[in-house]
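Novice: Sequence:
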Amino acid sequence: AQPHAATAMGLAVAADPSAELRVREATTRHFGVWREAEGGREKVFDSILSKDTLPSEGAPLVVERRYRPVHTVGHLRFLECTRLTDDGRPDGDLTPWQELRFPYDPALAGRPLDQVPIERTERRDEIVETYTHATDGTITVEITNAAADLRQRWVLGAMH
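For the sequence shown, the positions run 1231 to 1390 when my numbering is used.
Derived by calculation from the structure, the hints in this document are not laboratory data.
Every clue listed holds true.
Simulated restraints on C-beta separations: (1) R1271 to D1355: 19 to 25 Å; (2) T1312 to G1340: 34 to 40 Å; (3) R1298 to W1264: 15 to 21 Å.
In this text, all values refer to a predicted model and were calculated from it rather than measured experimentally.
Just so it is clear, CB atoms sit at the ideal spot from N, CA and C, and this is done for glycine as well.
Turn these sequences into a full structure, and let the hints guide you.
Specialist: Structure follows, in structure tokens:
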């Protein structure tokens, strides 16, 4: 066997402008965020980008989540994994991404949220999370509280 034969063949095909062959990249791991359920008693994994997801050619993949939180601060913990269990929990090779915090209570905007206790609240503004998986592999999240005119955007990356 010649281990470099496939690479050489791929390069030859790619170099031929008359070849009508297109290579498309797919997501090779599940990417998501831990969320609270059952009034905070349970943690569930929300798979934002499923393994083998293909974006539209030349366009980013956009995923949106809407909810009304019961806490003053959102603490989002992102990770990717090679597979999911039958009940949707991350499994296999797990890679933590970053953690971020968002002030669901607009009175907390601008404060260092890692020093603010997370408390239950009666305020239930709708929160929108918009995830954009760009064609270059970059994942951004924008979290919006339209009722409070509050919006923050992050470019996510794996923790090293």
